[in-house]
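Participant: As given, the protein sequences belong to chains A and B, one line each in that order. Those letters in the first sequence? Residues 4 to 701, by my numbering. Those letters in the second sequence? Residues 43 to 198, by my numbering.
Among the hints, a few may not be true.
Said to hold, decoys possible - Under 8 Å between C-beta atoms, here's a sample of chain A residues computed to sit facing chain B:
1. Cys-260
2. Val-598
3. Ala-602
As the list claims (entries may be wrong) - Covered by chain B, according to a simulated footprint, are these stretches of chain A (three or more residues, beta-carbon under 8 Å):
4. 59 to 73
5. 156 to 167
6. 185 to 199
7. 230 to 238
8. 514 to 524
The set of hints was computed from the structure by calculation and includes no laboratory data. Virtual Cβ for every residue (Gly too), placed ideally from N, Cα, C.
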Amino acid sequence: MNCKTLLLSIAVGMAILIAGCGGGTPISIAITTPPPASLNVNQTVSIVATVANDPSESGVTWTCTPAGSCGSFNPAQTASGSMTAYTAPGAPGTVTLIAASTKNPTKTQSASVTINSLPLSITITAPPPMSLEVNLTASIAATVANDPSNAGVDWSCTPTGTCGTFTPAHTASGATTVYMAPRTSGPVTITATSTAEPAQFKQASVTINPVATVGDLTGTYTFFVNGFNSFEFPYSVAGSVVLGGAQITGEQDEFSCPPPPAVCSVFPLDPIAKGSISVGSDGRGTLSLTPTSAPPETFSITVVNNKHILITQFDTNATASGSLDLQTAPTSVPSGGNAFALSDPYDEYVLGGVLTSSGASVTAITASEADDDIGGAAHFGFALTCPVCTITAPDAAGRGTITLTDPNVGSMELAYYVVGSEAFRLIEFDKAAFLSGSMYGQGSGTFSPSTLAKPFAFAQSGIGSSTGTGIGVWAAAGQFTGNGTTLSAGVADVNQGDGMPVKAGALSTSPYSVKANGYGAITLSGANTDGLANFGIYLVDPAMNVADPNNPSGGGGGVMLDLDVDTIGVGFAVPQTLGASFSGNYALQQQGAFVTSTAAAFYGLVGQIFASTTTFTGLADYNELTIAQNAGVTITGNNTLDMANPGRATSQVTINNAATPNNITAYQASGALLLDVDVDSTGAGLGNVALGVIEQQQ
Amino acid sequence: MRNIAGGLCLLATLAISLLAAPLDADETAAPKRTVIAPNYDVSKEISLEGRIETLVTQPAPGMMRGAHLIVSTAQGTVDAHIGNYVVAGSNAARFASGQAVKLVGMMIEFNHQSVFIVRTIQMENDTITVRNKNGFLVFPGSWATRGDASSTGGVR
Numbered sequence: 004m005n006c007k008t009l010l011l012s013i014a015v016g017m018a019i020l021i022a023g024c025g026g027g028t029p030i031s032i033a034i035t036t037p038p039p040a041s042l043n044v045n046q047t048v049s050i051v052a053t054v055a056n057d058p059s060e061s062g063v064t065w066t067c068t069p070a071g072s073c074g075s076f077n078p079a080q081t082a083s084g085s086m087t088a089y090t091a092p093g094a095p096g097t098v099t100l101i102a103a104s105t106k107n108p109t110k111t112q113s114a115s116v117t118i119n120s121l122p123l124s125i126t127i128t129a130p131p132p133m134s135l136e137v138n139l140t141a142s143i144a145a146t147v148a149n150d151p152s153n154a155g156v157d158w159s160c161t162p163t164g165t166c167g168t169f170t171p172a173h174t175a176s177g178a179t180t181v182y183m184a185p186r187t188s189g190p191v192t193i194t195a196t197s198t199a200e201p202a203q204f205k206q207a208s209v210t211i212n213p214v215a216t217v218g219d220l221t222g223t224y225t226f227f228v229n230g231f232n233s234f235e236f237p238y239s240v241a242g243s244v245v246l247g248g249a250q251i252t253g254e255q256d257e258f259s260c261p262p263p264p265a266v267c268s269v270f271p272l273d274p275i276a277k278g279s280i281s282v283g284s285d286g287r288g289t290l291s292l293t294p295t296s297a298p299p300e301t302f303s304i305t306v307v308n309n310k311h312i313l314i315t316q317f318d319t320n321a322t323a324s325g326s327l328d329l330q331t332a333p334t335s336v337p338s339g340g341n342a343f344a345l346s347d348p349y350d351e352y353v354l355g356g357v358l359t360s361s362g363a364s365v366t367a368i369t370a371s372e373a374d375d376d377i378g379g380a381a382h383f384g385f386a387l388t389c390p391v392c393t394i395t396a397p398d399a400a401g402r403g404t405i406t407l408t409d410p411n412v413g414s415m416e417l418a419y420y421v422v423g424s425e426a427f428r429l430i431e432f433d434k435a436a437f438l439s440g441s442m443y444g445q446g447s448g449t450f451s452p453s454t455l456a457k458p459f460a461f462a463q464s465g466i467g468s469s470t471g472t473g474i475g476v477w478a479a480a481g482q483f484t485g486n487g488t489t490l491s492a493g494v495a496d497v498n499q500g501d502g503m504p505v506k507a508g509a510l511s512t513s514p515y516s517v518k519a520n521g522y523g524a525i526t527l528s529g530a531n532t533d534g535l536a537n538f539g540i541y542l543v544d545p546a547m548n549v550a551d552p553n554n555p556s557g558g559g560g561g562v563m564l565d566l567d568v569d570t571i572g573v574g575f576a577v578p579q580t581l582g583a584s585f586s587g588n589y590a591l592q593q594q595g596a597f598v599t600s601t602a603a604a605f606y607g608l609v610g611q612i613f614a615s616t617t618t619f620t621g622l623a624d625y626n627e628l629t630i631a632q633n634a635g636v637t638i639t640g641n642n643t644l645d646m647a648n649p650g651r652a653t654s655q656v657t658i659n660n661a662a663t664p665n666n667i668t669a670y671q672a673s674g675a676l677l678l679d680v681d682v683d684s685t686g687a688g689l690g691n692v693a694l695g696v697i698e699q700q701q
Numbered sequence: 043m044r045n046i047a048g049g050l051c052l053l054a055t056l057a058i059s060l061l062a063a064p065l066d067a068d069e070t071a072a073p074k075r076t077v078i079a080p081n082y083d084v085s086k087e088i089s090l091e092g093r094i095e096t097l098v099t100q101p102a103p104g105m106m107r108g109a110h111l112i113v114s115t116a117q118g119t120v121d122a123h124i125g126n127y128v129v130a131g132s133n134a135a136r137f138a139s140g141q142a143v144k145l146v147g148m149m150i151e152f153n154h155q156s157v158f159i160v161r162t163i164q165m166e167n168d169t170i171t172v173r174n175k176n177g178f179l180v181f182p183g184s185w186a187t188r189g190d191a192s193s194t195g196g197v198r
């Protein structure tokens, strides 16, 4: 045997030996870390298989059935004893996981797994705020998971009926609904329920806060109202009350004119013996006062803010509207420049202008320029003559006196009640005439025609030769912008109850003037304003807010008179911010008169609405003086913006579910203030004439 | 003593002089004023004499609001509007059917019907002021009925 033969024999022998060893222990495979018997859809678990007797160490190949819907492995091929991540399919069912020897795919082991659906769940994905003011809204959303039917969410809340509303009350999963808080404060629970499985729900708690509470109204407040008594004769009250203590006290001046032979009753310096006040969650409430001499008074009120409340007399004695304002500087005396506007419907007399005061003195008024109108006879640009021009300092109630001498009338003694250092409510108490109104300081304002060279909104009301034969009063509201010499833009709505209400009558090109002392005049043709032609405008401190004198967001403006042969009136103008929003909680007030085919009455209304740009809804106390006192009537309305006259909007407002809505035109001064006029009037002498304000609650 | 007529004269004087003023609005120029022809024009007043047929205190829908005297005159029946103030209260003027009256006022159209707008009512020796010379219905006891509203310079 040679060497070659020997080597070959060895090789063959080795091969036989090796072959003989392998054939004795075949490859095997086992799932050493098996999956659980059941998994949720899309759930991932680690599994391991080990191959034995595979000298090639080829590892494991993972597959499953039914193919295409049995899940996935990552990786699909592993070393023996190494982990793969198995992810269950998205649909429920039964799958078989197969581990095969990569070396010998016939060597396999399998495991059966049941794939279960995930349980349905719901989550409030856009929760409400922890607290929300009454009537305000929040966008909220909930998402339902594992709902193969995509049935969405049903919204509800407790306490049922007083917990608010959802728009819509059913949403798709993840979609928003608008939750509107109720009118009443307190805790509310919002529930989002799966439509598919009502047993699945989530809840959120919200504290509904009131607009104001009675505890917010603490201190001495000045109040004033003007209107008509049950005889449909003029009526005014001004005074001050101390709120927040154990007992309401105060002091007031009142006049009320009955038919003859009785003469007008005047109750000057009349102590308020007692009173009460309540405020609801929406800011509406009641203030009842019992003066010592004058008849008791019940006012319905709506809080605008802690320092400013709209009030309207709500009893059978009178309907009259005004405000209740915190005395923030009760020792103030009208000093320096002041603008004023006063009205006496009984004597068909208005008086207004500017005056300079040296303070409390017997010759206090050192300069003045005024206008008046006595039953259609207007006098322009005269001085309030002294020496009878005394101003006295206020008493502890914030009441002082001021004597004005109109050379066309005579001397008149008025009480003034302080609101702030530059705001005073005036009421005459000497029976010579029956003036009432307001006076505002001019501060350090410097005035010229350019003062009116920006947008303003205004409102006026009064009486006239036509109103006595129609509905009883006239009212107007509008907007204007000056350019230094004329009104470059402007429109007004005027309703004299004469069947010819003016809607958006043009004011542009009308001349105007403003003197350095703040005395101004706007001269209209009258052609577009149903005869209103001569306005006096007397400018106030540019920092003053005429509508809410304690509000630091003023801007000035002025008080106004209408000085015409057929009409007299009083009002005010405030700066206008175009493009302001109209959304949120607002106090509203209206004073006017109506005539229908079956009834007629002077009326006053004060209440609260929630506005959402194009619609509003709310509640009000509505005093149809000689007919009924209607508490808590519904107010609903819609707004249509006048695109041709930005700042002006027309509305249809339904009061107390009346069959026919009132047509109202509103001029928006800002997001916090709108001035409105009712423009219903027919040639048959029917209709509704009223002037109103809408002020945002803050 | 107040003098409304004087006031009207002053108004007219003011209006005429102001209309002659320049239109520019500056700090020194006197404001321009507009003179509007009044709805009630005393120059168009007429007198009617007749006898009262009836007093209507609750006018039918479509009639001018306020009390009316229906007066029989030589020219026919006249609907005379007198407003509510003169018929209000315990001292209200009393109007009896058949009573002779002299009315001063102006005829207007209201809701397609002729209405006589009364300024004064004369009955026997009494004269009741219903409206002032600008047509405003006047409250009893107010300046207009007392005749003491002044024009210029009057001081009570």
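Participant: Going through the numbered hints above, which ones does this structure break? Give me the numbers in ascending order.
Facilitator: 3, 4, 5, 6
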